[in-house]
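2 protein chains.
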Amino acid sequence: MSTTKPLILITNDDGITAPGIRALVTAMKAIGDVVVVAPDKPQSGMGHAITINSTLRLYEVKQDGLTEHACSGTPVDCVKIAIDKILPRKPDLLVSGINHGANSSINVIYSGTMSAAVEGAIEGIPSIGFSLCNYSIEADFTAAAHFAGIIAKNVLDHGMPDGVCLNVNIPDVPLDIIKGVKVCRQAKSMWHEEFDERKDPYGRKYYWLTGKFVNLDSGDDTDQWALENNYVSVVPTQFDLTAHTAIKDMKKWEM
Amino acid sequence: MSTTKPLILITNDDGITAPGIRALVTAMKAIGDVVVVAPDKPQSGMGHAITINSTLRLYEVKQDGLTEHACSGTPVDCVKIAIDKILPRKPDLLVSGINHGANSSINVIYSGTMSAAVEGAIEGIPSIGFSLCNYSIEADFTAAAHFAGIIAKNVLDHGMPDGVCLNVNIPDVPLDIIKGVKVCRQAKSMWHEEFDERKDPYGRKYYWLTGKFVNLDSGDDTDQWALENNYVSVVPTQFDLTAHTAIKDMKKWEM
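Chains as they are written, first to last, in the working numbering: chain A, 1 to 255; chain R, 1 to 255.
Be careful, since some hints might not be right.
Because identical chains share one entry, a pair is satisfied inside a single copy or across any pair of copies.
[Unchecked claim] Below, simulated DSBU-like cross-link-like pairs (lysine-lysine); rule was C-alpha separation at most 35 Å, straight line:
#, residue 1, residue 2
1, K199, K41
2, K5, K205
3, K153, K188
4, K153, K29
5, K90, K199
6, K29, K248
7, K212, K251
8, K153, K199
9, K251, K29
10, K252, K5
11, K205, K41
12, K153, K248
It is worth saying that the hints were derived from the structure and are not from the lab.
Required output: the full structure, derived from the provided sequences and hints.
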């Protein structure tokens, strides 16, 4: 590998063959030397899960002129095993995605794509998760890949604050309709769950998790607002979950 | 059920038969009407994973004089299905644990126990995750159950700030050695991963995820400090991951 180009670790949660990661690999090859370590199957909704009760496998996959690495574990497992077993040195950048589907607002919590980026931040690597607001396997990643390049270059130039990574979402509209990039906060929102109850051929109940997304936030400084108004949303995202403002009040409790 | 007692949802990540959740059930029965919905098998390290690519099952389990509910999914699935399919109304309190092993500092991110509590907070339920700093199945939960009762009563009395739950860890020492309860912040820390590489009987490599915990924080206001000094640690924990202080600086980037 060249010693002058940045070393970029690429992962995702949709699996190593997903169109989203292929678009990201192409975009990152224009910027640096890439190493791909991604799940061997879809791992959506895995959050920050790690594999501790079973074992992991690694397989080499040759595609796009690269020897890539498929891992049997979660997105966070991929980051950890890449650092310990695959990368020649700590990478200059970690990018995750491009996810098929939005990871804005509360979805950051459930997202394997973003958990990989958060794990990168924990490890001290400048890290970005990219998601396109379109779940389809046929989605057009042109605009998303364009902004992935711009934002990745900015992170390489500026670095990232300690303990912070970026949650980038791209609206599902053509490049010329996108108005620009907005740095914003995570919108307050939730999923109102609606389990779909069915019966198997033996008469026993089973359930599919489904839900309705509820935006509880009317602010115009949120990622939801940005996306609804055709901006790319960039939320600086941290793994210090302490609610610092609550500490003072709670010190009055009698415990 | 009585209408005057608080309704308490209990879950965990070690599974519905783990000694830790049994101790928590006993402690909560003294305070309110309990409903138990917990994983049917160990789900440690599942973080905020949800089950979207497969189906869920629910089974009734009769133990400790209760009809409880075992779920085939993750801790977060348990909270979601309890709300939609099992509970008669929104509960007054959600408690998760008592986990076999610490969930202090960065472990909050990987913890199924804490993700169940965070999911409760997202749903607007006052929620607490409890963890004992001892991984053993034989651990003594006496002190942990004692403090679970005290802290649960405090949360029922005071309520919780919007968007916040509690991460409570109990040191593994007898009750009379514990010096009290400290409200603190999440210590900056990480796991330095060390994959244990082995070969299967067919000569193919596989890996176990292991690691060394590294405390990067010398503050005396952290959960790690509290636990090392025989205090129960209580960290108010939020699901707004926005790094608010980073927003201003990033607005200067050229994107």
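Self-check item: Unmet hints by their number, sorted upward, for this structure
Solution: 8
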